[in-house]
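Novice: Quick note, the sequences are listed as chains A and B, same order. Under the working numbering, the first residue of the first sequence carries the number 1, and numbering increases by one thereafter. Under the working numbering, the first residue of the second sequence carries the number 1, and numbering increases by one thereafter.
Treat the hints with care, as some may be off.
A short, non-exhaustive set of chain A residues, derived as facing chain B with CB atoms under 8 Å [unchecked claim]:
#1 G15
#2 K33
#3 G35
#4 R36
#5 E80
#6 R82
#7 D83
#8 A89
#9 E93
#10 L97
#11 T116
The following label-pair restraints were derived from C-beta to C-beta distances [stated by the list, open to error]:
#12 A:T17 x B:S270: 21 to 29 Å
#13 A:V14 x B:M1: 31 to 39 Å
#14 A:M95 x B:G54: 40 to 48 Å
#15 B:E364 x A:K84: 46 to 54 Å
Which chain A residues stay away from chain B? Per the calculated CB distances, all over 12 Å, these [stated by the list, open to error]:
#16 I6
#17 T8
#18 S9
#19 A34
#20 D39
#21 V61
#22 D63
#23 I78
#24 A87
#25 R92
Just so you know, these hints were derived from the structure itself, not from any lab. Glycine included, every Cβ here is placed at the ideal spot set by N, Cα and C.
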Amino acid sequence: MRFMYIVTSPQPHVGPTPELLQAMHKLADREIKAGRMLDNGGLMPLATGARVRIADNKLSVIDGPFVEAKEVIGGYAIFELRDKEEALAMGREFMQLHLDHMPGWEGTCEVRAFATP
Amino acid sequence: MTDAEIHRSILAVWRIEQPRLITGLSRMLRDVPLAEDVTQDALLAALEHWPKAGLPENPGAWLMATAKRRALDHLRRRRMLARKHEIVAHDMAREEQAMPDLDAALDDDIGDELLRLVFTACHPLLGREARAALALRMICGLTTQEIARAFLLPEATIAQRIVRAKRILSESGLGYETPRGEELSVRLASVLEVVYLVFNEGYTAARGDQWQRPQLCNEALRMGRVLTALAPQEAETHGLLALMELNASRIAARTDAAGDPVLLMDQDRSRWDQLQIGRGMRALASARQLGGGGGFYALQAAIVACHARASGPEDTDWRGIAGLYAQLSALVASPVIELNRAVAVGMAEGPAAALAIVDRIAEEPALQTYHLLGSVRGDLLFKLGRYTEARAALEAAAELAGNTREQELLRRRAAEAADAASQVILKF
């Protein structure tokens, strides 16, 4: 089963510490070598991005930075795992790294299964 | 949480930790079979203690500590057997201190250790089924029960197979293999063979009622990815991964709602997994870039790629496929490959040309129990209007088919041939 992990945080201006980056890199390396991680990426800050919105039947393009940024997506990963239990175990381990190497950080890792064709 | 749910959660956590566990222990002990033993011990301990005590805060550390303790017990026992008359207490204490705490270093070199695991599990000294069971256990972290279910064999059979394989490895001093360079390329063939065996078992189940077992395909795909990450310079690792990804991309479309097989030409292509096809194409490109486009797996992948590229059955490049089968035939003399080439030639040039190829190989001993010979022959005879012969060939093929779903498909086609034959008779 394929899963996507989406990490969001209400403190988007706080980037990962070098320790956290190193720990995440080690995990990524292990998971690629174990044949479980298919893809991953960290995203550039929202301020450098843009939004294409539809509201009131109108399409508009808005460049960052944005004022009302609540939870911002920081990065994602795509894994091939056996079942939801494994996906949750992996998610826990990933978030534990944040607890260990970036105390005080708050955020969410959303775990979503891919819809099958 | 029910007992079953707890059991599943524990297994899930264990599987996440398993690669790190077994590679770390293997390096520490310089003994893969022993590392495998104590990894399993740790799993059993977790299954026993965690339901009552709850999941530990750091499951990885708990499992590693448990495994190390077991390993120490085992080493002590070995030492006691070696020194039959003396128990030197301070030696054992010294050993306990000397057992390095390599937890920090473990993450750095997982690649090397995984490679060692793979090559040890797939040692050519072991039989193919033994290699497959060991590989699924050590690299994919499957339990004995899961492996048994996957191969539709009794758990005891698989357990025995694994025990015997580990014993063979230990006794021949092959418990810690590190093939490098040219030896690696040569030994790789026995590894790829195992991965392909596992994939095919899931892809076209030899026995049983389910026509395919996707989970096995996923395990094989995982091993394939592991190999491309560990041995990226070997073209055939990419070739095999390409072949598996491209074949697996059709899994959702290969069975209908009733679970009956759907032939490739009849499949709903909107159900082909395009992301998987993309990965397969990239892997094939990697194989070619490394100069391995003419390899055994790369050629097969190229053939499947021809199908994957066609948006509809009428767009299939049959001449291309026939040419690729010809290359494959030149590489490996196999009547099965010739049979497949015949099918492609039939589509490109017509059933008569194909039947000529099939008739030339029909007497090959290897094909006498191969149900697809009769299936292909019957299909070609049908297209040539030789309905009675077609029916006979298809019925004989149905008898040989090991999978009930395939049997049913063949019997249905035989009945169609019978209908067609009777209609011809009625015309007169």
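Novice: The structure should be examined with respect to each hint, and the outcome stated for every one.
Specialist: Hints, one by one, checked against the model:
1. Taking 8 Å as the C-beta contact cut-off toward chain B, the hint placing G15 of chain A at the interface is violated, the least distance being around 22 Å.
2. Because the closest C-beta pair between K33 of chain A and chain B is about 5 Å apart, less than 8 Å, the hint holds.
3. Against a cut-off of 8 Å between C-beta atoms, the interface hint on G35 of chain A holds, since the closest Cβ of chain B lies about 4 Å away.
4. Taking 8 Å as the C-beta contact cut-off toward chain B, the hint placing R36 of chain A at the interface holds, the least distance being around 7 Å.
5. Contact between E80 of chain A and chain B, as hinted, is supported at the beta carbon level, the nearest pair being about 7 Å apart and thus within 8 Å.
6. Among the interface hints, the one on R82 of chain A holds; its C-beta lies about 7 Å from the nearest C-beta in chain B, closer than the 8 Å criterion.
7. Taking 8 Å as the C-beta contact cut-off toward chain B, the hint placing D83 of chain A at the interface holds, the least distance being around 7 Å.
8. Checking A89 of chain A against chain B by beta carbon gives a least distance of about 5 Å; that is within 8 Å, so the hint holds.
9. The restraint placing E93 of chain A at the interface with chain B holds, with a minimum CB-CB distance near 6 Å, inside the 8 Å limit.
10. This hint is violated: L97 of chain A has a C-beta 12 Å from the nearest C-beta of chain B, more than the 8 Å allowed.
11. Interface restraint check: T116 of chain A against chain B, minimum CB-CB distance 6 Å, threshold 8 Å, status holds.
12. Hint check: T17 of chain A to S270 of chain B, Cβ distance near 45 Å, so the stated range 21 to 29 Å is violated.
13. Between V14 of chain A and M1 of chain B the Cβ separation comes to about 35 Å, which falls inside the hinted range of 31 to 39 Å.
14. Our hint of 40 to 48 Å for M95 of chain A and G54 of chain B is violated, since their Cβ atoms are close to 18 Å apart.
15. Checked against the hint of 46 to 54 Å, the C-beta distance between E364 of chain B and K84 of chain A comes to roughly 48 Å, which is consistent with it.
16. The non-interface label for I6 of chain A is consistent with chain B: the shortest C-beta to C-beta separation is roughly 17 Å, beyond 12 Å.
17. The non-interface label for T8 of chain A is consistent with chain B: the shortest C-beta to C-beta separation is roughly 22 Å, beyond 12 Å.
18. No beta-carbon of chain B comes within 12 Å of the beta-carbon of S9 of chain A; the shortest separation is about 23 Å.
19. Distance to chain B contradicts A34 of chain A as a non-interface residue, since its nearest Cβ pair spans about 4 Å, not more than 12 Å.
20. The Cβ of D39 of chain A does not lie farther than 12 Å from every Cβ of chain B; its closest approach is about 10 Å, which violates its non-interface assignment.
21. Every beta carbon of chain B lies more than 12 Å from that of V61 of chain A, the smallest distance being close to 28 Å; the non-interface claim holds.
22. The beta carbon of D63 of chain A sits about 31 Å from the closest Cβ of chain B, which is more than 12 Å, so the claim that it is off the interface holds.
23. The beta carbon of I78 of chain A sits about 9 Å from the closest Cβ of chain B, which is not more than 12 Å, so the claim that it is off the interface is violated.
24. A cut-off of 12 Å between C-beta atoms contradicts the statement that A87 of chain A is not in contact with chain B; the least separation is 8 Å.
25. The claim that R92 of chain A is not at the interface with chain B is violated, since a C-beta of that chain comes within 12 Å of its own (minimum 8 Å).
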